[in-house]
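Note that the protein sequences, when read in sequence, are chains A and B.
Numbering of the first sequence is given in the numbering used here, commencing with residue 1309 and proceeding in unit increments.
Numbering of the second sequence is given in the numbering used here, commencing with residue 908 and proceeding in unit increments.
These are calculated hints, taken from the structure and not from any lab test.
Cβ coordinates follow ideal geometry from the N, Cα and C atoms, glycine included.
Hints are supplied without guarantee of correctness; some may be wrong.
Just a sample of chain A residues kept apart from chain B, beta carbon distances all over 10 Å, derived [as the list claims (entries may be wrong)]:
{"no.": "1", "residue": "T1315"}
{"no.": "2", "residue": "Q1319"}
{"no.": "3", "residue": "L1321"}
{"no.": "4", "residue": "T1328"}
{"no.": "5", "residue": "L1353"}
{"no.": "6", "residue": "G1361"}
{"no.": "7", "residue": "N1373"}
{"no.": "8", "residue": "R1376"}
{"no.": "9", "residue": "D1381"}
{"no.": "10", "residue": "Q1393"}
{"no.": "11", "residue": "Q1417"}
Partial chain B-side listing against chain A, Cβ under 7 Å, derived [unchecked claim]:
{"no.": "12", "residue": "Y932"}
{"no.": "13", "residue": "Y940"}
{"no.": "14", "residue": "M952"}
{"no.": "15", "residue": "L954"}
{"no.": "16", "residue": "G992"}
{"no.": "17", "residue": "T1002"}
{"no.": "18", "residue": "G1004"}
{"no.": "19", "residue": "K1008"}
{"no.": "20", "residue": "G1012"}
{"no.": "21", "residue": "T1013"}
{"no.": "22", "residue": "G1014"}
{"no.": "23", "residue": "R1016"}
Covered stretches of chain A (in silico footprint by chain B; criterion: 3 or more residues with CB under 8 Å from a CB of chain B, positions within the stretch not fixed) [as the list claims (entries may be wrong)]:
{"no.": "24", "stretch": "1337–1349"}
{"no.": "25", "stretch": "1382–1390"}
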Amino acid sequence: NAGVTQTPKFQVLKTGQSMTLQCAQDMNHEYMSWYRQDPGMGLRLIHYSVGAGITDQGEVPNGYNVSRSTTEDFPLRLLSAAPSQTSVYFCASSYSEVREMNTEAFFGQGTRLTVV
Amino acid sequence: AQTVTQSQPEMSVQEAETVTLSCTYDTSESDYYLFWYKQPPSRQMILVIRQEAYKQQNATENRFSVNFQKAAKSFSLKISDSQLGDAAMYFCAYTTGTASKLTFGTGTRLQVTL
Chain A
1309 NAGVTQTPKF QVLKTGQSMT LQCAQDMNHE YMSWYRQDPG MGLRLIHYSV
1359 GAGITDQGEV PNGYNVSRST TEDFPLRLLS AAPSQTSVYF CASSYSEVRE
1409 MNTEAFFGQG TRLTVV
Chain B
908 AQTVTQSQPE MSVQEAETVT LSCTYDTSES DYYLFWYKQP PSRQMILVIR
958 QEAYKQQNAT ENRFSVNFQK AAKSFSLKIS DSQLGDAAMY FCAYTTGTAS
1008 KLTFGTGTRL QVTL
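Construct the entire structure; sequences and hints are all you get.
Right, dumping it as structure tokens:
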């Protein structure tokens, strides 16, 4: 049971390049989400999914795409990287809504992305 | 939109002492849930404690407890008998529960000194 696995852990991109941040969980969690963490701003929600085939936008979705073709995977795509997307990205998953008793959001280790 | 405010960017506490981290939030919802997360230098996000808004009793987990003041929209974290391993960034977070979407505060960096 690996939990939530994010790859890569570090990445440097040039402006305009595209890439996909991978997120996989092996806990059969329905709910998955992506956050970005910037200094002095906490974590902000980018996109989220409540199950395979269902995604929606969070607080800061511009410049990012997601899809959820399987329960296990929730990749985040940067189509044309910009310096403003330099951040630490976290993927999280939960079995059900975190308001449910004994339901907790599990976070990956994060991906530090630098766009130059 | 819901907002979460942590007004203390940094705090320091001596080992074995008690420290309180502040958090306020703004919401028009009556049913919501509050959390404190710990983020050590490893970047891992670790759930410390949770509080359901409908519960009047303050949550407690070992050395960690909260002071939940619903009318004042305040949710502070008290760490008793502080240990060196408590040094980390602490985030307050809020959710109504829908789709497990969390709204985070800006964080408080806690230093623990000998």
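Hints breached by this structure
Violated hints (numbers, rising): 5, 11, 12, 16, 23, 25; every other hint is consistent with the structure.
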